[in-house]
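> Residues per chain are reported as follows:
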Amino acid sequence: MPNRSFFWFFFPAGLAMILFIGLPIISTGIQSFYAQHDQILIEVKKCDPFGCKTSVVVDQEATSKIKEEKPLGKFNGFGTYIDRNHLASDQVSEFWSESKSVGEFIGKVGNLPFYKALVFTLTYCVIVTPCVLLLGFIIALSLNAISRKIRGPLIFGTILPMIVTPLVGSLVLFWMIDAEGIIGANLQILMDDPYLSVKSSKALTWITIIIYGVWHHSPFAFVVFYAALQTVPQEPLEASIIDGASRFQRVKHIVLPHIYPVVTFVALISLMDNFRVFEPIIGFSAEGSAQSLSWLIYDNLVNEEVILFGSAAATSIMTIVGISIILTPVLLRTWKEFRTNR
Amino acid sequence: MKKILVTLLFLLFGTVANADCNIKSGSINILANDFPALRTLVETAKECKGSADFKVTHSAEHNKIAVPALTANPSEFSVRVAANSSIVPLMNADLIRPMNDLVKKYGKGIQESQLITIDGKVMAVAFMANTQHLYVRTDVLEENGIAIPKTYEEVVAAAEKIRAAGKMKYPYAAAYKAGWNLAEEFVNMYIGHGGEFFKDGGAQPNINNAKGVATLNMLKKLADLSNPDYLTHDSEAIKVEWESGNVAIMTLWASRSGTLLDDEGDAKITAATKLVAPATVGGGNIPAATLWWDGFTLAKNRSDADAEASFRAMAHAASSKEMVAKAADQAVWLVEGFVPGPKSVGVIEAVKMGAKPYPMLPQMGLMHGALGSEIVEFLQGNESAEQALKDVEAAYITKAKEQGFL
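Chains as they are written, first to last, in the working numbering: chain A, 1434 to 1775; chain B, 30 to 435.
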């Protein structure tokens, strides 16, 4: 396609991207460098049905004056990025100097909110993505080999997890793992421990969320792989059968190389999706045991009565940076292939 | 048939008695939490809407919506039904208007004690009081020869006895859901221990001390006697536990008693459920509970006409003797003419015992938020009490710095 027509094709999408994605990201970035003005508190008499007492409130007159002068807040530079609730540079170096072993150091750092969330997010990403790819591929292969008559209903059944709203899907599993739910109660009997709770155990909560993630995302990989499998040419397959190649050899040497670009695509999308894991944490009420970066942003914005825009913005920017870092290897590889193909 | 007739007559008289307040213009849009008493109040306000527009949003997520919705200009809602904690962010951001003039002009039926005044400015009009107190199953307690517990130490002993008797696996329940609910339990217990959250009136945190440790240890003891899924249980979830007969002693909001004791569910459990005073803890004499009021506030970023219409409708409800007579068991109304019934025991006892109101401080929301996430690991047994409290303080300080409190 000539560059000119490509430009005009891309223009509407590009404009929408700049308006609705680019600009908000820039504004988030700017926001992350600001903190609230110093609060001006004054002592006043407060009365309510339970009596009167003297206590402090924010002085609105003085505050509104400062706000008018500098509506964005107080410039804080990277202050928010390096505070305890984010990268916690001071705390990390303090832990490093006072810890006697690496294990102790890791334990202490893992107790900081940002790193706690990062560890979960990465664990989720690293386990769920390959599982989704593998499971999706296996399902696609199996369904592709099944008689056409029953393929339709089976495909529908397979993509069902993707159709179910994430929150509903997680709630169903949430009730099943309840101490009195079918899975929770049976686990208690199986392990012979009446106080076993999937929901309060950190490890079990993580496992539940990861299993849910694989269940929910596999259909996406399956659909894409299944479509790609339809394009695999029959001739080389037949030739390889004549040559006596086993099923595994055929998949490894013919099918996989053929659908390889699609695998990269699914891996990219899955990585991005998984790095932003959020719904299952809400659905499973797992805030106590599992926090992701997206959940931290949510927590800063809505969970507290005081909204922390600076914190949320800083975490958002770091999430974007994190996704870029994770995607770099895959993108580099795609770029290289693109170059060699030309 | 007769019943229907009576109801119809009642409705007829009801509407006649509640001739509308002659509101000619303006629009009213209310944001409120979702529990029976608030629904009753809003319905009563609606009776008198006149020709004004009337819209209402009842949502359990009201806290998340309030600040953004009222920040917009004009604001989405003209009325926000708030409580002692949720009014603070609205005041911090200057989103609600004083209503002294309106009270003078239209607030005849409102009692002086209902007014929430800050430096003489009426910022809210309260209509009900609330607290968390004990609910007990008298049948289970009697069967095991246990007296009604008055302290949390007695609650622990009673629950252990019930568990040892093989009667129930998880005899105690409270809303320990990680986040706001869990933090609220800490606040109650810490106040019961006589703790102060901040150092001499300032914004420096003051919870990493012996009282804080005692508070955490008591929460842990109670948690061990609760359903192991306690970290995911909010008020609604423990209410369900109670109704299915799994729990003998529970700490729950007074405002939830209405639906707990309705005709739905096992009549035997309902009959044996008794509402009693909140418990004290650690030898203290004030209850380990906080007093709350629910009241209405008016949005600042809304026209004066809307504010006036909204105030008149809400004031009608907040001073309606009929409403408090009809819905006497839904809440402890602060409205004139309210006769406390058996469901008001908890709040009335709490007031008598000298319970403290929830601290209405600008920085309290940050402390509450830090508590909700940082004490979880202690309850899970992964962290010492001191470490958990240290984490709370550190998390709070970081947030308070960002918000300009420190």
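No lab work stands behind these hints: they were computed from the structure. Mixed in with the good hints there might be a few duds.
[Unchecked claim] Pairs of lysine to aspartate or glutamate, EDC-like flavour, derived with a Cα cap of 16 angstroms: (1) A:1541 to B:406; (2) B:303 to B:272; (3) B:150 to A:1476; (4) B:150 to A:1471; (5) A:1500 to B:123; (6) A:1486 to B:229; (7) B:303 to B:412; (8) B:303 to B:406; (9) B:372 to B:358; (10) A:1541 to B:412; (11) A:1503 to A:1471; (12) B:196 to B:270.
> Are the hints correct? Go through all of them and say.
Structure-based check of all given hints:
no. : hint             : in the structure
1   : A:1541 to B:406  : 13 angstroms, holds
2   : B:303 to B:272   : 13 angstroms, holds
3   : B:150 to A:1476  : 14 angstroms, holds
4   : B:150 to A:1471  : 24 angstroms, violated
5   : A:1500 to B:123  : 12 angstroms, holds
6   : A:1486 to B:229  : 15 angstroms, holds
7   : B:303 to B:412   : 36 angstroms, violated
8   : B:303 to B:406   : 33 angstroms, violated
9   : B:372 to B:358   : 6 angstroms, holds
10  : A:1541 to B:412  : 11 angstroms, holds
11  : A:1503 to A:1471 : 12 angstroms, holds
12  : B:196 to B:270   : 15 angstroms, holds
Consistency note: the structure conflicts with the earlier hints numbered 4, 7 and 8.
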